[in-house]
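Engineer: Chains A and B supply the protein sequences, listed in that same order.
Residues in the first sequence are numbered consecutively from 1, following our numbering.
Residues in the second sequence are numbered consecutively from 1001, following our numbering.
The set of hints was computed from the structure by calculation and includes no laboratory data.
Careful: at least some of the hints might be erroneous.
The following label-pair restraints were derived from C-beta to C-beta distances [as the list claims (entries may be wrong)]:
#1 PRO1139(B) x PHE69(A): 37 to 45 Å
#2 VAL1011(B) x PHE2(A): 55 to 63 Å
#3 PRO14(A) x GLU1058(B): 45 to 53 Å
#4 GLY228(A) x GLN1092(B): 20 to 28 Å
Ideal placement from N, C-alpha and C gives every residue a C-beta, glycine not left out.
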Amino acid sequence: MFAAVGFLFLEAFPAFTELRARLWSDATWFPTSDQSGSFGLAPMVLASLYAALSAVLIALPIAVAAASFIRFYSSAITGNFFSRMVEIAGAIPSVLIGLIGITVIVPQVNSLSPPGASLLSAILVLVLMILPTMIVIVLAGLERVSSELLTAAAACNLTRFSLLRYLILPQQIRTIALASTLSLARAIGETMAVVMVAGNVVQIPKSIFNSVRVLPANIALEMPYALGLHRAALFASGVVMILVVVAILALGHMFSFRGQR
Amino acid sequence: MRIRSRLAILVCIALSLKLTALAETTVVATGSSTVAPLVSELAQSFEKKHEDLRIEVEMGGSSRGVADARNKKSDLGLVSRALKPDEAKELQSVTIALDGIALIVNSANQIKELTASQIVDIYTGKVTNWKEVGGSDIPIVVVNKAQGRSTLELFLEHFKLKPEQIKASAVIGDNPQGLKLVAGNIAAIAYVSIGAAEFEANRGQPVRMLPLEGVPATRSNVQNGTYSLKRPLNVVYLPPLSGPAREFVDFATSTLADPIVESLYFVPIAR
């Protein structure tokens, strides 16, 4: 693992020494251009963050609701069934989700506002990708809550919902934070599904219907053909991605410590 | 002892592998990712008749194909364009197939044809609505290819554009993506390999190829030379070429190779 990361840094090194701040300050990404090329990563970093954060924000309430339903509101058989369905959904490869995206989601978004392949489509596809794992993690946390609590709540004339809202969920902050950070990290790195639906134009999105290119999609699109400095710049964007993910995980840890009482 | 006998077995295995490798001749071909799949398929067919021959194919772009052939790092270079003058001084080039690029629109789009200057205006963002070129009042969704792809380079070269000049609504990586996008969007325009477009259109997908300068975009027109947006798929080498590499190139240019060329949606060379 260290060797792999070390290799990344090594290959990215020329980009960091020759380009340095230009990786942030260049306005556009045209690495193959005749006049020395431009290597601005900023639009893509922003696109990655917007897409991943939005996806997690949307998926989180859905995941908590779904997990609560499975654990507290459904019978053993129904709960089990939905649990298995979620696991199967999590096993769907990203390419298939991308296919669903390009054949169903993109034309629908297009009818709202062209071109369809946009930040919104990317967010929707990311939600589909991270939701199953999120549900599984939150569910695992909820399973540790003893069923006796439910009985005790009924004895106190407390509704399941109040029990959830005031007692159980606040106690689950650590698990929810874990689910969020892991899903965020996954969403930032998601390539295949996003490259098929996001439009891949390198620009800072001014609206949710604008086409965007996320960092991993950039690597996937251009790496097979990149040479020299272009290649090093792509590796550098990979390094940036890793740093962002590490930062997110660190934040997640910090937050989960605070959640402990 | 156990360690010694294990070592002996390992040495025997290594030697036998090395010996089988020595018995095989290897031809190395590197370069264009457009040509590589074609050469891969041709190689598979060729290897069936030549038991102890292995043809290794690697991608890396036309530039790599030229560089490796020059430095003798490979036997054959795969190049999806004509050789430049300084390259042609050292290397010999053989065309094994042709590839054309067609501009595609959705079948529901009423546009029958676009002139070269209209295409340039659409792709540089001067024309943004289909009604400006005789179609319905819908904003144009411009689909471009990702940088580094030889299809993009051919498109830019033909219309004399620079990458920065293109104002795209969406950027795609490979032909199937472009075709799906146009099939699903009545306002989209894109450019893809002719063979791939023909295949999808025949399969019933709602895409239509636009004629260029009055010439319909068909594979036969690429072959007879009347369709201008095309490129040769070349195999280059440092002369002289002999032995298994020579035989392979002869096979690749023979009529036996035509069905393989067509199965990959390319156009066989005219004879």
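Engineer: So, against the hints stated earlier in the document, which numbers end up violated here?
Structural biologist: 2 and 3
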